[in-house]
Amino acid sequence: MSKWISSLNQPTALVPAVAILLGLICGGIVMLLGGFDPIAAYGALIRKVFGTSYDIGETMLTITPILFTGLAVGFAFRAGVFNIGADGQYIIGMTAATFVGIKIHLPAFLHAPLAVLVGMLCGGLWGALCGYLKAYRGVHEVISAIMLNWIALYLSTFLLMKFLVAEGQQKTPNIDETASLSIGWLSKAMGGARMDWGIWIGLICVGLFYILLWRTKQGYDLRAVGFNADAARAAGINVKTTFIKTMMISGMFAGLGGVFSVLGVFHYQVASGASEGYGFDGIAVALLGGNHPVGILFGAILFGVLTYGSAGMNFDANVPTEIVRIVIGSIIFFVASHGIITKLLKPLLNRRAANKRKGASADGNAG
Amino acid sequence: MAMLADLINSTLVFSAALIFAALGGVFSERSGVFNIGLEGMMTGGAFAAAIGTYYMQDAGGEGASPWIGVLCGIAAGTLFALLHAYATVSVKADQTIVGVVINILALAITLYLVKFMFEGAGDTPLLDATFAKVAIPGLADIPFIGQALFNNYPTTYLAYVLVPLSAYLLFRTPFGLRLRAVGEHPGAADTVGINVTKYRYVGVLISGALAGLGGATIVLTTTSNFSHNTISGQGFIAIAALIFGRWNPYGVFGAAFFFGLAQALRNFITQFDFAAHIPNEFLYMLPYVLTLLVLAGVVGSVRGPSAAGQPYDPSKR
Numbered sequence: 001m002s003k004w005i006s007s008l009n010q011p012t013a014l015v016p017a018v019a020i021l022l023g024l025i026c027g028g029i030v031m032l033l034g035g036f037d038p039i040a041a042y043g044a045l046i047r048k049v050f051g052t053s054y055d056i057g058e059t060m061l062t063i064t065p066i067l068f069t070g071l072a073v074g075f076a077f078r079a080g081v082f083n084i085g086a087d088g089q090y091i092i093g094m095t096a097a098t099f100v101g102i103k104i105h106l107p108a109f110l111h112a113p114l115a116v117l118v119g120m121l122c123g124g125l126w127g128a129l130c131g132y133l134k135a136y137r138g139v140h141e142v143i144s145a146i147m148l149n150w151i152a153l154y155l156s157t158f159l160l161m162k163f164l165v166a167e168g169q170q171k172t173p174n175i176d177e178t179a180s181l182s183i184g185w186l187s188k189a190m191g192g193a194r195m196d197w198g199i200w201i202g203l204i205c206v207g208l209f210y211i212l213l214w215r216t217k218q219g220y221d222l223r224a225v226g227f228n229a230d231a232a233r234a235a236g237i238n239v240k241t242t243f244i245k246t247m248m249i250s251g252m253f254a255g256l257g258g259v260f261s262v263l264g265v266f267h268y269q270v271a272s273g274a275s276e277g278y279g280f281d282g283i284a285v286a287l288l289g290g291n292h293p294v295g296i297l298f299g300a301i302l303f304g305v306l307t308y309g310s311a312g313m314n315f316d317a318n319v320p321t322e323i324v325r326i327v328i329g330s331i332i333f334f335v336a337s338h339g340i341i342t343k344l345l346k347p348l349l350n351r352r353a354a355n356k357r358k359g360a361s362a363d364g365n366a367g
Numbered sequence: 368m369a370m371l372a373d374l375i376n377s378t379l380v381f382s383a384a385l386i387f388a389a390l391g392g393v394f395s396e397r398s399g400v401f402n403i404g405l406e407g408m409m410t411g412g413a414f415a416a417a418i419g420t421y422y423m424q425d426a427g428g429e430g431a432s433p434w435i436g437v438l439c440g441i442a443a444g445t446l447f448a449l450l451h452a453y454a455t456v457s458v459k460a461d462q463t464i465v466g467v468v469i470n471i472l473a474l475a476i477t478l479y480l481v482k483f484m485f486e487g488a489g490d491t492p493l494l495d496a497t498f499a500k501v502a503i504p505g506l507a508d509i510p511f512i513g514q515a516l517f518n519n520y521p522t523t524y525l526a527y528v529l530v531p532l533s534a535y536l537l538f539r540t541p542f543g544l545r546l547r548a549v550g551e552h553p554g555a556a557d558t559v560g561i562n563v564t565k566y567r568y569v570g571v572l573i574s575g576a577l578a579g580l581g582g583a584t585i586v587l588t589t590t591s592n593f594s595h596n597t598i599s600g601q602g603f604i605a606i607a608a609l610i611f612g613r614w615n616p617y618g619v620f621g622a623a624f625f626f627g628l629a630q631a632l633r634n635f636i637t638q639f640d641f642a643a644h645i646p647n648e649f650l651y652m653l654p655y656v657l658t659l660l661v662l663a664g665v666v667g668s669v670r671g672p673s674a675a676g677q678p679y680d681p682s683k684r
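Protein chains in written order, with the working numbering: chain A, 1 to 367; chain B, 368 to 684.
These aren't lab readings, by the way, just hints derived from the structure by calculation. Owing to the predicted nature of the structure, the values given are computational and were not obtained by experimental measurement. Glycine included, every Cβ here is placed at the ideal spot set by N, Cα and C. Incorrect hints may appear among the rest.
[Claimed, not checked] Restricting the straight-line Cα-Cα distance to at most 35 angstroms, the calculated cross-link-like pairs of lysine-lysine (DSBU-like) are:
(1) A/K240 <-> B/K482
(2) A/K343 <-> B/K459
(3) B/K565 <-> A/K217
[Unchecked claim] A few chain B residues facing chain A, derived, Cβ under 10 angstroms:
(4) F401
(5) E406
(6) A454
(7) V465
(8) L537
(9) N596
(10) A643
(11) H644
(12) N647
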């Protein structure tokens, strides 16, 4: 028990917690400056999320894509690659799944798995392209990924408009019933919230993330490259192919997020020309979770709650939903600038250490 | 020929903003700090310029309004740069991540303010008092060259001036030498008494001011208002221009011209009949695809300032 508590007391667990707190305070200050009541707004957020079973179900739905993109970004970070392109990989995965869902007709036990597989692979290939550009062409992955995000967005809009969307429409027709991954009985149980397989597959991916990285040789190579690419190269690890493999798997995670959004939730895709920004939430979640699968899961839950709840803040307290982006941005800022937090916490930690020393010497005297 | 002159003319309109932001990137990266946050600083600059010009024209500022807007844009960009500098130089946070944060925060804060100031609207009202094209007397009368180069917005002329000025500052003054030394080998610079922290702050702040100027330029010459997609990746294209231009102001000018051309072509091409057969999406994609191709093909592996990306820790000298 005391061991469990002491693990919470480690600065590593403390920093994200303080960062979240500071992020929420920053959001509160911005709301105060805008003439809004932060207590009422955060209250509205909590009420929105935990109000009814419907809201809880819809919150789970909001968590799903962020969990997938968070896993994608975190996985790449482990190899020292900053995958800012999860957004594009998400869009490509989604578009591929939409195509399979509408254009191909198969029995259910084949159709849905095929759509998932194709979407996942296409997302992975989009990621691998970024990895290739880094490994063999020396293009910084952040720049290439940002460009690939825009290209994915316009490419997807073009493909949808050209092949799937009817004249005068903005969205595709629904996918075949056989490709659907919604869970009807669970939706009924959750008051009509759109429940699907996404969150459950996401939880499996949390486990896969751990196994891939810490229980396979490939994962060992990958982490070695992340620690020190030069040392890894000297040790005979092929750094270039590791970059590509990493980005492939990372892109597959992100692609899955898009896949479930269309197969599980909406059943159609909008050719909007605007991105939903899940890739950027994924960066926040990965950083907050320390690139560990369990940390990412908790991070995704937090951000899903914030994002879904922001609708309530807007409705009840009239606060623009951008406030949640400000909170999220501030949280990542404080996690990245953990120097600020350790400086803030130093007096506190020192006192605790002093107390411990005092306690230890008292024990010694008693003995 | 007249058509080509027009194409160069509108290319320079689009290039100006990229030149400013990319020059900003030169100062920041030459001092050893990556600035992925250029996009956010441009966003801040664009917003402030729209707001500044809007209130100034309301107050009867007339011709001075866009210039006030430019100053507001520079101030806003510098403010975001201050945050970047504090986090990356003083707190030694990861430069790439802080840049991403600047991008997220700048977009969120500006949209929040737009909704707050204009009763929930997603964009600012269209401005009347934007920049008008000014023909430079004498030079504008030269055939072809006059129309191509000397009949443009004041911001474009400012870009003509800032490129050689930046080059002079970086390569011909003690300030520039020290700034570059800090970016190449901060330990050595520190040993000879150069204040690494100060020079990195200055580099990042200049980059913010220039990126803010770039954002203001887009609002005051192209879009006439500010909305969520006013900047849409220009900051990242500026970073590509910076790499393509090999961290050199003249190189940056050439690279920014090239990317500006990709954007100008989007409008230019609609004059021709064959344009009807090219889907819009491909025209929108063009600048991004070109950026990628250039970075992957032409540039190959270029070398930036050696210490860029690493916080300076005197204890590890």
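Verification of the hints:
| no. | hint | in the structure |
| --- | --- | --- |
| 1 | A/K240 <-> B/K482 | violated, 46 angstroms |
| 2 | A/K343 <-> B/K459 | holds, 13 angstroms |
| 3 | B/K565 <-> A/K217 | violated, 46 angstroms |
| 4 | F401 | holds, 9 angstroms |
| 5 | E406 | holds, 8 angstroms |
| 6 | A454 | holds, 5 angstroms |
| 7 | V465 | holds, 6 angstroms |
| 8 | L537 | violated, 22 angstroms |
| 9 | N596 | holds, 8 angstroms |
| 10 | A643 | violated, 15 angstroms |
| 11 | H644 | violated, 13 angstroms |
| 12 | N647 | holds, 8 angstroms |
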